[in-house]
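Enquirer: These are the residues of each chain, in order.
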Amino acid sequence: MHNENQPLIFELSKDGRVGYSLPELDVQDFDLAELLPEGYVRENEAELPEVSELDIMRHYTALSRRNHGVDSGFYPLGSCTMKYNPKINENVARMSGFANVHPLQDESTVQGAMELLYELQTSLVEITGMDEVTLQPAAGAHGEWTALMMIRAFHEANGEGHRNKVIVPDSAHGTNPASAAVAGFETITVKSNENGLVDLEDLRRVVGEDTAALMLTNPNTLGLFEENILEMADIIHSVGGKVYYDGANLNAVMSKARPGDMGFDCVHLNLHKTFTGPHGGGGPGSGPVGVKADLIPFLPKPVLVKLEDGTFHFDYNRPQSIGRVKPYYGNFGINVRAYTYIRTMGPDGLKAVTEYAVLNANYMMRRLEPYFDLPYNRHCKHEFVLSGRRQKKLGVRTLDIAKRLLDFGYHPPTIYFPLNVEEGMMIEPTETESKETLDAFCDALIQIAKETEENPSIVQEAPHTTVISRLDETRAARQPVLRYQKEEALV
Amino acid sequence: MKHRYLPMTEQDKNEMLSTIGVESIDELFADIPEKVRFNGLYNIKEAKSESALLKELSQLATKNKNTESNVSFLGAGIYNHYKPIIVDHVISRSEFYTAYTPYQPEISQGELQAIFEFQTMIAELTGMDLANSSMYDGGTSLAEAGMLAAGHTRRKKILVSDAIHPEYRDVVTTYAYGQSIEIVNVPTKDGVTDIEALKGLIDDQTAAVMVQYPNFFGQIEDIKTIGEIAHEAKGLFVVSSNPLALGVLTPPGKLGADITVGDAQVFGIPESFGGPYCGYFATTTKLMRKVPGRLVGETVDQEGRRGYVLTLQAREQHIRREKATSNICSNQALLALAASVAMTALGKQGVQEMAKQNIVKTRYAKNAFEAAGFTVPFQGAHFNEIVVKTNQSVTELNKKLIEKGIIGGFDLGRVYPELENHALIAVTELRTKEEIDQLVAEMGAYNA
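Sequences listed follow chains A and B, in order. Using this note's numbering, the first residue of the first sequence is number 1, and each one after it goes up by one. Using this note's numbering, the first residue of the second sequence is number 1001, and each one after it goes up by one.
In case anyone wonders, no lab produced these hints; they're calculated from the structure. Backbone N, C-alpha and C define an ideal beta-carbon position, used for all residues, glycine too. It cannot be assumed that every hint is accurate.
[Unchecked claim] Label-pair restraints from in silico Cβ distances: (1) A:Pro37 - B:Val1184: 22 to 28 Å; (2) A:Gly39 - B:Ser1051: 24 to 30 Å; (3) B:Glu1420 - A:Glu308: 24 to 30 Å; (4) A:Asp472 - B:Ala1030: 27 to 33 Å; (5) A:Ser457 - B:Glu1050: 47 to 53 Å; (6) B:Gly1151 - A:Gln479: 33 to 39 Å; (7) B:Ala1372 - A:Asp294: 30 to 36 Å; (8) A:Glu107 - B:Glu1370: 29 to 35 Å; (9) B:Glu1034 - A:Asp439: 33 to 39 Å.
[Said to hold, decoys possible] Only pairs whose alpha carbons sit at most 20 Å apart, straight line, appear in this in silico PhoX-like list of lysine-lysine: (10) B:Lys1013 - A:Lys351; (11) B:Lys1002 - A:Lys486; (12) B:Lys1055 - A:Lys486; (13) A:Lys256 - B:Lys1045; (14) B:Lys1433 - B:Lys1404; (15) A:Lys14 - B:Lys1254; (16) B:Lys1254 - A:Lys87; (17) B:Lys1055 - A:Lys256; (18) A:Lys87 - B:Lys1404; (19) B:Lys1224 - A:Lys256; (20) A:Lys87 - B:Lys1433; (21) A:Lys435 - B:Lys1323; (22) B:Lys1035 - A:Lys351; (23) A:Lys292 - B:Lys1013.
[What the hints assert, rightly or not] Stretch by stretch, here's where chain A covers chain B in the computed footprint (C-beta under 8 Å, at least three residues): (24) 1152 to 1165; (25) 1182 to 1192; (26) 1197 to 1209; (27) 1262 to 1274; (28) 1290 to 1303; (29) 1415 to 1426.
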């Protein structure tokens, strides 16, 4: 990697350079002042850069070299399922008949795209054990909110609009309570017990006639399977609530347990995680929602259906629908990739995915257990959480360990999450990594544990090999600079 | 099983099981209660080899009429524009597309800097103080603007112009229901927001006034006047805007907008049957700490070198949980990168030239339709869309046009009953004089 500052594209700009090739204007030209109302012709030009095509390629190539992706190296970011992103997905999504199709074309001209979506819906119904799936939500959090809006509509339709509480475990992802709030619910937190699972007594204590739903990730964010899931579902159902499955961790249970068989009423999936979206540097995602029969009337509009004549149709005649949650029909390009992946793996492949994801996580957990605290010592699923308590006593924080891992060429695990583990490190290897990679990563962490005892400053001062060192985040927040401005403009 | 994505050998597996201290992988799943265990295999289609799957999916793709081999006049929020070739080359670099949210800035400077540049370009085009790192799309971004406005003003009513994209309005309505916000529709007159009606509807409970610029019918709204009306009532002024048009139109930030949102699909992003696109969210410094989603900020490292980080995270769901300003987590980073590359390629001159071509070619089409005897009901200034009255169903007309290789305009009667038999025709810089002439001739033939 290079150590010099990478100029901003604006700093490379020179008046008069161009990087575009627009069609010739072949109709009569006009002065804009003739065509636009007074005061509506832009006076000050937008300061976009003026650079050549090669300038652009060099700039972004340089930026890409300052970025770590799954193809660059191991990326065991817990809860994010950073598995290999198959290249065939990219080719299929770029086929002209998928990429260059307008969402408002007449249905008769887009039957191939609709068929693909229908096949994906059908596959996800089987994988989740639900009765119907919508592909409209754009991402996981969007799916959470969509499902909660459906639960709200369900209760209101039953004359139970007073149900305004959503129960969330203390180990839940932050989007769960945030989505509940956006859907107009209040959140109640339920505690975990000493085994890292939801405390059933506490759950019984917090439920009541105001319970709208329980949101649960299973396996939970500690990577542990909630063994009492049926009992939990009973507790919620017995007071009239719905049970919601956060599918962030579906990679742990494919072909082993389906949300629909565990008592869940609805589920969202993160197609950019389990189904190789890819992650895109933060998005786009796709967050389909699956529901049991009694929630079907509330699905967002339109609902993709197959007609008796075998053609596909977007059904808008859904009087109880919560409405539209996104323009058009969801992140189609990501859905194409997910479908391609499912067809690449097939039934045997998806089963093997989960088995190897879980094997890999347990193997790493056992290799690392002697060197770090393992707060919950039992078989994990696709990920596990270590605690850096022991290292903290020696003056080395989990943040330092994460930064030291950068020197070995790895993306660190998710850190300080879930919130119920002190100095947590959440490690998710995924099934696409080889034993050699897992071993090398474990060796690096073990070396860091030894450095913590023998030479802690090398860890505390890490990273040593990256293009920049630790950044001043306090300054970034106190004196926010969120955009470039030309020097002369900064007076 | 052997699979190219699964590297474990039998030997690896056995060594690993031995380290774990179990006999079989099944033992690792023993904590799943018998009653909920799924035994067997999913009932889904069998896997296919790479070549066989490519063939099958390519046949499925061929069933669709695409905008590359046909001539498209369909817009209505998503447009068939010039996409600089380099966009796809840049976003195909797997250092970008196989990374996730830049939680570790030391090894994510590429993504962070690219987003910082995106934020700058959107702020420049919209004339706003700042922009975030992207939203799902223009529709959800508009809904988030509504929630921000309601939270900021502590008011529970939003006035929404009927000339906003109907699907955007639907999304705003769904979100508003969750937040118990009342949506009041503001009617249009002559294809633009009816300003007198707006004055009658606004009151001291109005959190925001929302309009689209250029609006759904392609018309240029008088946003300066509408913004003044919103501000007189102490509401926020929210503008949904096509950022390409802002290459030549006075930007909302100079005309009183408090929040400008929209979709950057116009910059290098394919139509892709509805997504993924690239919502943007731009606002004033005053509202900076209430912005939804990720923000990238500039700072320095321990040696004083310039670098970029995710910042002002106290707004976000992973810190604030139920008190966050929004539940958004994943965004559209890869599409923001695509849009950045396209905006960079167009640059200061190209964005103006392209925007102007849209206006001028649409003007040519308007003149051609009128010369052929069509009525163009809305005569105000337009960007790249016009409404054309036909004497039969637009949907039926489009079925005939596709046989000639033309993807016709949006059937406005689908969402505006009063505009039955009216087509919304989009003319971008990609449409040639010849293609426009052909459209007018074919529509004229069917109209006769």
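Enquirer: Now, for every hint given, state plainly whether the structure supports it.
Expert: Here's how the hints hold up against the structure:
| no. | hint | in the structure |
| --- | --- | --- |
| 1 | A:Pro37 - B:Val1184: 22 to 28 Å | holds (26 Å) |
| 2 | A:Gly39 - B:Ser1051: 24 to 30 Å | violated (59 Å) |
| 3 | B:Glu1420 - A:Glu308: 24 to 30 Å | holds (28 Å) |
| 4 | A:Asp472 - B:Ala1030: 27 to 33 Å | violated (48 Å) |
| 5 | A:Ser457 - B:Glu1050: 47 to 53 Å | holds (50 Å) |
| 6 | B:Gly1151 - A:Gln479: 33 to 39 Å | violated (25 Å) |
| 7 | B:Ala1372 - A:Asp294: 30 to 36 Å | violated (55 Å) |
| 8 | A:Glu107 - B:Glu1370: 29 to 35 Å | holds (31 Å) |
| 9 | B:Glu1034 - A:Asp439: 33 to 39 Å | holds (34 Å) |
| 10 | B:Lys1013 - A:Lys351 | holds (15 Å) |
| 11 | B:Lys1002 - A:Lys486 | violated (56 Å) |
| 12 | B:Lys1055 - A:Lys486 | violated (51 Å) |
| 13 | A:Lys256 - B:Lys1045 | holds (18 Å) |
| 14 | B:Lys1433 - B:Lys1404 | holds (17 Å) |
| 15 | A:Lys14 - B:Lys1254 | violated (26 Å) |
| 16 | B:Lys1254 - A:Lys87 | violated (44 Å) |
| 17 | B:Lys1055 - A:Lys256 | violated (31 Å) |
| 18 | A:Lys87 - B:Lys1404 | violated (36 Å) |
| 19 | B:Lys1224 - A:Lys256 | violated (60 Å) |
| 20 | A:Lys87 - B:Lys1433 | violated (39 Å) |
| 21 | A:Lys435 - B:Lys1323 | violated (42 Å) |
| 22 | B:Lys1035 - A:Lys351 | holds (19 Å) |
| 23 | A:Lys292 - B:Lys1013 | violated (37 Å) |
| 24 | 1152 to 1165 | violated (count 1) |
| 25 | 1182 to 1192 | violated (count 0) |
| 26 | 1197 to 1209 | violated (count 0) |
| 27 | 1262 to 1274 | holds (count 5) |
| 28 | 1290 to 1303 | holds (count 10) |
| 29 | 1415 to 1426 | violated (count 0) |
Checked against the numbered hints above, the structure breaks hints 2, 4, 6, 7, 11, 12, 15, 16, 17, 18, 19, 20, 21, 23, 24, 25, 26, 29 and satisfies the rest.
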